[in-house]
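Participant: So you can see what is in the structure, the chains are spelled out below.
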Amino acid sequence: MSYRLRVNPIACEAHGMCAELLPERITPDEWGYPLISAEPLPESLLEHARRAAQACPTLALLLERERARS
Amino acid sequence: MAAAGPTAYWYLTRSTGAVALVLLTFATALGVLDLRRWSTPRLPRFVVDSLHRSSSLLAMVFLALHILTSILDGFARISLIDAFVPFAGSYRPFWLGLGALAFDLLVAVTITSLLRQRIGYQGWRAVHWLAYASWPIALLHTFGTGSDIKQAWMLWLSVVCVAIVVGAVLARVLFGWPENRRRRVGALATAGGFSLFLLAWLPGGPLGSDWARRSGTPSSLLAHTHSATNSSGSRR
Chain A
3 MSYRLRVNPI
13 ACEAHGMCAE
23 LLPERITPDE
33 WGYPLISAEP
43 LPESLLEHAR
53 RAAQACPTLA
63 LLLERERARS
Chain B
26 MAAAGPTAYW
36 YLTRSTGAVA
46 LVLLTFATAL
56 GVLDLRRWST
66 PRLPRFVVDS
76 LHRSSSLLAM
86 VFLALHILTS
96 ILDGFARISL
106 IDAFVPFAGS
116 YRPFWLGLGA
126 LAFDLLVAVT
136 ITSLLRQRIG
146 YQGWRAVHWL
156 AYASWPIALL
166 HTFGTGSDIK
176 QAWMLWLSVV
186 CVAIVVGAVL
196 ARVLFGWPEN
206 RRRRVGALAT
216 AGGFSLFLLA
226 WLPGGPLGSD
236 WARRSGTPSS
246 LLAHTHSATN
256 SSGSRR
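Protein chains in written order, with this note's numbering: chain A, 3 to 72; chain B, 26 to 261.
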C-alpha cells in the first residue's frame, strides 16, 4: 500500500503551509500554489505528509491511499 | 464553608481565570493575524498556526480548571449546570452567564477544529467565526464577575489584552485582507465600538461603587465580606 499527495485546485488558496511542512515533495510555484513531485512517498515522509495535509487551512491537500499497480 | 474564609479553590479560580484570559487573548490575536502569506523566514506560517492551536488548547485547559475550581469553592454556589447553561444561576447571573456562553462557544469551536478533517472546510469555518464572538464575551465576563478588576494588576492586564486584540485587528485590516472591503470596515467598526463601549461603561460599571450588588450578587453573600485573610477585601 502506498500513499499519494494530491491538491484540490479549487479549494487551494496558496497559503503555502504545505510547502513549508513538506519541502521534500512540495514546492511553491511563482504564485505560491503547490507543485507536487511525482516521486513516491517513502515511509519516512508519511508522517510529515499527514501533518502537511492536516495543516492546510482550506483542507485542499489530500493524502490518498493508492493500491499498488499490478 | 462560606464563613470559613477563602479556600485554596478561591485563589485558584481567580488565577486560572486570569491566565485563561491571557491565553485566549494570545490565541485570538494570532487567529486574527493569521494573514494569508504572512510569514518570515524565522516565523513560518505553520509556526504561527501551531502557536494559535496550542495556545487555544491550553486556554481550554485553564478554562476547565477555572470552572472546576469555581464550582468546588462553594462560596458563590455555582453549579455544574451554571457552567454550561448561561444566565440560569443565582450568583451574578448575567455576568456569570456570559462566561458560560463564551465557554459553550469555545467548546463548539474546539470540537469542530479537532474534527476539522471530518467536518469539512465550510462547516468548520462557519463555526470558527464564533471564536471572534467568544473573546469579547469572555472579556465582559472578566469585568463583570472578576473581583480583582479594581486592582491595578488585573485592570492593566485586561487593558493590555484589549490593546493586543484591537491592535491585531488593526494590523490585519490595514496591512492585509485586500478583498472584502465591507468586512474590513465591519471589523474596524466592531473593534472601535467595543473599545469605546468599554471606556464608557467601565468607570461607572465594574470600577464604580457598589458593583457587587448591582451585578446581582445574592444579598446573603453580600453580608459575608469573606475577606478576613484577603488583604484586598475584594470579595464582596
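Heads up, some of the hints might be wrong.
Quick partial rundown of chain B residues pointing at chain A, CB under 7 Å, derived from the structure [claimed, not checked]:
{"no.": "1", "residue": "P66"}
{"no.": "2", "residue": "F71"}
{"no.": "3", "residue": "Y146"}
{"no.": "4", "residue": "R206"}
Away from chain B, derived, C-beta distances all over 10 Å, residues of chain A [stated by the list, open to error]:
{"no.": "5", "residue": "Y5"}
{"no.": "6", "residue": "E26"}
{"no.": "7", "residue": "D31"}
{"no.": "8", "residue": "E32"}
{"no.": "9", "residue": "E68"}
Just so you know, these hints were derived from the structure itself, not from any lab. Think of the CB as a built atom: it goes at the ideal place given N, C-alpha and C, for glycine as much as any other residue.
Participant: Each of the hints needs a verdict: does it hold here or not?
Facilitator: Evaluation of the provided hints:
1. Below 7 Å, beta-carbon pairs count as interface contacts, and P66(B) has none with chain A, the closest being about 10 Å; its hint is therefore violated.
2. Residue-level restraint check for F71(B) holds (minimum Cβ-Cβ distance to chain A is 5 Å; threshold 7 Å).
3. This hint holds: Y146(B) has a C-beta 5 Å from the nearest C-beta of chain A, less than the 7 Å allowed.
4. The interface hint given for R206(B) is violated, since its Cβ lies 19 Å from the closest Cβ of chain A, which is over the 7 Å cut-off.
5. Under the 10 Å C-beta cut-off, the non-interface status given to Y5(A) relative to chain B holds; the minimum distance is some 15 Å.
6. Every C-beta of chain B lies more than 10 Å from that of E26(A), the closest at about 15 Å, which supports listing it as non-interface.
7. With a least CB separation of 14 Å from chain B, D31(A) remains clear of the 10 Å interface cut-off, as annotated.
8. The Cβ of E32(A) sits about 13 Å from the closest Cβ of chain B, beyond the 10 Å cut-off, so the non-interface label holds.
9. The claim that E68(A) lies off the interface holds: its Cβ sits roughly 19 Å from the closest Cβ of chain B, which is beyond the 10 Å cut-off.
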